[in-house]
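Using the hints provided, position chains B and C relative to the given structure of chain A.
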Amino acid sequence: MSITADNPDGGSVAIAAAGIRKEYGDRAVLRGVDLTVGWGEVAVLFGANGAGKTTLLRILAGLTRADDGAVRLAGRPMHRRGNRARRLVGFAGHQTMLYNDLTCRENLAFYARLYGIRDAGQRIDDALAQLNLSDRANRRVRTLSHGMQKRLAMARAILHEPAVLLLDEPESGLDAASVATLGELLREWAASGRAALLTTHSVEVGLAWAHRALTLDGGRLTGDVPGYPSTGSG
Amino acid sequence: MAAIAGQPTRKTPWRAAIRDARLWLLLLAAVLTLVDGYLIFVVAPTDAVLGHIQRIFYIHVPISILSFLGFLLCAIAGIGYLIRRGESWDRLAHASAEVGVVFVTLALITGVIWARPVWGVWWTWEPRLTTTLILWFIYVAYLMIRQYAPTPQQGRVWSAVVGIIGFVDVPIVYYSVQWWRSIHPVQVIGPEAADDALEPIMARILIFSLVATLALFGYLLLERMALRKTEDTLAQLRRDANSD
Amino acid sequence: MELLRGALAIAWKDVRLELRSRDVITSALVFGLIVVVVFNFGLNRAPGSLAPVAPGLLWVAYAFIGVLAMNRAFTRELEQGGLDGLLLAPVSRDAVFLGKMLGSLIFMLVIEAILLPVFAVMLDLPTLSPTLGLVILLATVGFATVGTFFAAIAVQTRSREILLPVLFFPVIVPVIIAAVEASALVLQGGPMTGVWTRWLPLLVVFDALFLVICPWIFGFIFEG
Numbered sequence: 001m002s003i004t005a006d007n008p009d010g011g012s013v014a015i016a017a018a019g020i021r022k023e024y025g026d027r028a029v030l031r032g033v034d035l036t037v038g039w040g041e042v043a044v045l046f047g048a049n050g051a052g053k054t055t056l057l058r059i060l061a062g063l064t065r066a067d068d069g070a071v072r073l074a075g076r077p078m079h080r081r082g083n084r085a086r087r088l089v090g091f092a093g094h095q096t097m098l099y100n101d102l103t104c105r106e107n108l109a110f111y112a113r114l115y116g117i118r119d120a121g122q123r124i125d126d127a128l129a130q131l132n133l134s135d136r137a138n139r140r141v142r143t144l145s146h147g148m149q150k151r152l153a154m155a156r157a158i159l160h161e162p163a164v165l166l167l168d169e170p171e172s173g174l175d176a177a178s179v180a181t182l183g184e185l186l187r188e189w190a191a192s193g194r195a196a197l198l199t200t201h202s203v204e205v206g207l208a209w210a211h212r213a214l215t216l217d218g219g220r221l222t223g224d225v226p227g228y229p230s231t232g233s234g
Numbered sequence: 001m002a003a004i005a006g007q008p009t010r011k012t013p014w015r016a017a018i019r020d021a022r023l024w025l026l027l028l029a030a031v032l033t034l035v036d037g038y039l040i041f042v043v044a045p046t047d048a049v050l051g052h053i054q055r056i057f058y059i060h061v062p063i064s065i066l067s068f069l070g071f072l073l074c075a076i077a078g079i080g081y082l083i084r085r086g087e088s089w090d091r092l093a094h095a096s097a098e099v100g101v102v103f104v105t106l107a108l109i110t111g112v113i114w115a116r117p118v119w120g121v122w123w124t125w126e127p128r129l130t131t132t133l134i135l136w137f138i139y140v141a142y143l144m145i146r147q148y149a150p151t152p153q154q155g156r157v158w159s160a161v162v163g164i165i166g167f168v169d170v171p172i173v174y175y176s177v178q179w180w181r182s183i184h185p186v187q188v189i190g191p192e193a194a195d196d197a198l199e200p201i202m203a204r205i206l207i208f209s210l211v212a213t214l215a216l217f218g219y220l221l222l223e224r225m226a227l228r229k230t231e232d233t234l235a236q237l238r239r240d241a242n243s244d
Numbered sequence: 001m002e003l004l005r006g007a008l009a010i011a012w013k014d015v016r017l018e019l020r021s022r023d024v025i026t027s028a029l030v031f032g033l034i035v036v037v038v039f040n041f042g043l044n045r046a047p048g049s050l051a052p053v054a055p056g057l058l059w060v061a062y063a064f065i066g067v068l069a070m071n072r073a074f075t076r077e078l079e080q081g082g083l084d085g086l087l088l089a090p091v092s093r094d095a096v097f098l099g100k101m102l103g104s105l106i107f108m109l110v111i112e113a114i115l116l117p118v119f120a121v122m123l124d125l126p127t128l129s130p131t132l133g134l135v136i137l138l139a140t141v142g143f144a145t146v147g148t149f150f151a152a153i154a155v156q157t158r159s160r161e162i163l164l165p166v167l168f169f170p171v172i173v174p175v176i177i178a179a180v181e182a183s184a185l186v187l188q189g190g191p192m193t194g195v196w197t198r199w200l201p202l203l204v205v206f207d208a209l210f211l212v213i214c215p216w217i218f219g220f221i222f223e224g
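Residue numbers (the numbering used here), protein chains in the order written: chain A, 1 to 234; chain B, 1 to 244; chain C, 1 to 224.
Isolated chain A (complex conformation) (with noise of 0.2 Å):
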């Protein structure tokens, strides 16, 4: 990985969050998160509907802006210009940020170009490879399913190889064999000394993925479950 050689100053913490406040309307969704995810872990975020795990997530991927508090990824701040914080990051979301009509390999060239990845056409082989989506890169978004959507939703996360990936619950919809080459391509993740961070209601899944599992309740963090060993499982 070429993390190091990318990111000589932020080698100790790949996510750092202080204070992160966010309201909507009449509502503090979050009150106050401090958070902190170091390199080669999986954390995941375990919080009920509404907790704020959506938010906080766009947040850290710089979708959405805090009222307050500030976010750094691998040293470098997330902001409205944080071009080189964004380049850092992977994010797959509720929605699979495609377009119907492109094809799924035009779909990954667009965000080849718009990342600048030199060599693409080969990052874009791996990437539909990692994902088992190889015999399908040249039909288009409309007419695949929704498990195959969501999995190449997450070959376009990882398509730039970033450092820091983001998942929101990335395993809601995926039949078994699909979360076994989610958790497998975690593990290689963790293990490559890159970060994540992830949001599931599936226990089983985040206990068997995760390294650390985070809860969210009432706008802040309230449990934080370090350094159990992942059996990385699936």
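Keep in mind the hints are simulated off the structure, nothing from the lab.
Be aware that one or more of the hints could be misleading.
[What the hints assert, rightly or not] Listed next, the in silico SDA-like pairs over lysine to any residue satisfying Cα-Cα at most 20 Å (straight line):
{"no.": "1", "chain 1": "B", "residue 1": "K229", "chain 2": "B", "residue 2": "S88"}
{"no.": "2", "chain 1": "B", "residue 1": "K229", "chain 2": "B", "residue 2": "L73"}
{"no.": "3", "chain 1": "B", "residue 1": "K229", "chain 2": "B", "residue 2": "R84"}
{"no.": "4", "chain 1": "B", "residue 1": "K229", "chain 2": "B", "residue 2": "W89"}
{"no.": "5", "chain 1": "B", "residue 1": "K229", "chain 2": "B", "residue 2": "R146"}
{"no.": "6", "chain 1": "B", "residue 1": "K229", "chain 2": "A", "residue 2": "G25"}
{"no.": "7", "chain 1": "B", "residue 1": "K229", "chain 2": "B", "residue 2": "L28"}
{"no.": "8", "chain 1": "B", "residue 1": "K229", "chain 2": "B", "residue 2": "I18"}
{"no.": "9", "chain 1": "B", "residue 1": "K229", "chain 2": "B", "residue 2": "L82"}
{"no.": "10", "chain 1": "B", "residue 1": "K229", "chain 2": "A", "residue 2": "D26"}
{"no.": "11", "chain 1": "B", "residue 1": "K229", "chain 2": "A", "residue 2": "D67"}
{"no.": "12", "chain 1": "B", "residue 1": "K229", "chain 2": "A", "residue 2": "R27"}
[As the list claims (entries may be wrong)] Computed footprint of chain C on chain A, listed as stretches where at least three residues anywhere in the stretch have a Cβ under 8 Å from a Cβ of chain C:
{"no.": "13", "region": "63-73"}
{"no.": "14", "region": "89-102"}
{"no.": "15", "region": "109-115"}
[To be verified] Here are some, though not all, of the chain C residues that point toward chain B, as calculated from beta-carbon distances under 10 Å:
{"no.": "16", "residue": "T157"}
{"no.": "17", "residue": "R158"}
{"no.": "18", "residue": "S159"}
{"no.": "19", "residue": "R160"}
{"no.": "20", "residue": "L167"}
{"no.": "21", "residue": "P174"}
{"no.": "22", "residue": "I176"}
{"no.": "23", "residue": "E181"}
{"no.": "24", "residue": "M192"}
{"no.": "25", "residue": "G194"}
{"no.": "26", "residue": "F206"}
{"no.": "27", "residue": "I217"}
Every residue gets a Cβ at the ideal spot worked out from N, C-alpha and C, and that includes glycine.
Then chains B and C, alone, in the frame of chain A:
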């Protein structure tokens, strides 16, 4: 409360001063408006050509000028909000837009009442009148966007942006309508504009009207900002109640 | 460089999508024709006598088509959350704006180019000239700049269909005036000093002003 603890707060006298300023301004606006009414309807000479209808001019002109001032304030406060993110910037922008839309509406209504007897038509695409109409549309869009935004935060940012774009646009609208009209002259029966034929007494009353209307404008602006502040406090209390 | 890379990638993606689905261009073409037909009956003129109002009809139709096309171009980004994808990418917000604006500009120019001869026949327009092409280009740049900006706001609200025209039309009044007047002068075939001394400079000033301001404040409208 802080005063009891022996620490004089800086905020409280400041707020009291604003509240006092509001009351004084209300009093001032009330007195000035009453005197202004007397000046307009009793003191001002009846226009030799236009007759009594000319008196609406003392109301229409100050209102029109101040509706543009509201727009200027709204754009400046919008820029301030985008840069500084202070709630008070947004309160100022919002209040200027709301007071502004009232003034623009009155300017249009008095303009139409003026146009019918003087120019022989209810409406004419005169550059100032047309620009005022476009201003009205932009103000309305400004307020609509606050209404339709999914979150109040987005409403504040988006309306600031609309205020800035509208402000840049208005001078271009004015010049394009002026050029357009020089090609398509509109049929009018009366004098085009009465400005050049203003007697000194008329000019003085006009300036007095402007001052009176400015006081009214200032009062409404401060009152609306204070109301917005109360609304914000209420929203904050709700938020605290919801999250505990 | 990065600005150009991002903008061209987005514009090229939009063109490619449009070549696949053709939904913007087809619907806008049909809509443009309907507008002319409805105007024809609405104005109730004798055959062949629409020429004096033709420039006005042309530009009202183009402006309506513009609203339709730009709304559609941005709605596409919301179908599967593509807008988030653009905002996640390490390209500046200006690049996103220019990319979407360029895409809409290309669509609208194509639609206008196809509709112009049709209008020429239906409205009995006397001549078509390069100067008219320049007027259409400059006015469409103004439409696409302001329209893309407001479409980005409007599609994020619950009343996107109504909000875009309400925001768009007041602001582009100068473009409509300049385009109609310049087109009328060109189509009359008389002296064209007004075109070069007034209306084209007005369009250039409008375009330049909003091409600076819109990208500059575009980043603010995606703060969620």
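Hints numbered earlier in the text: which of these fail when held up against the supplied structure? 7 and 24
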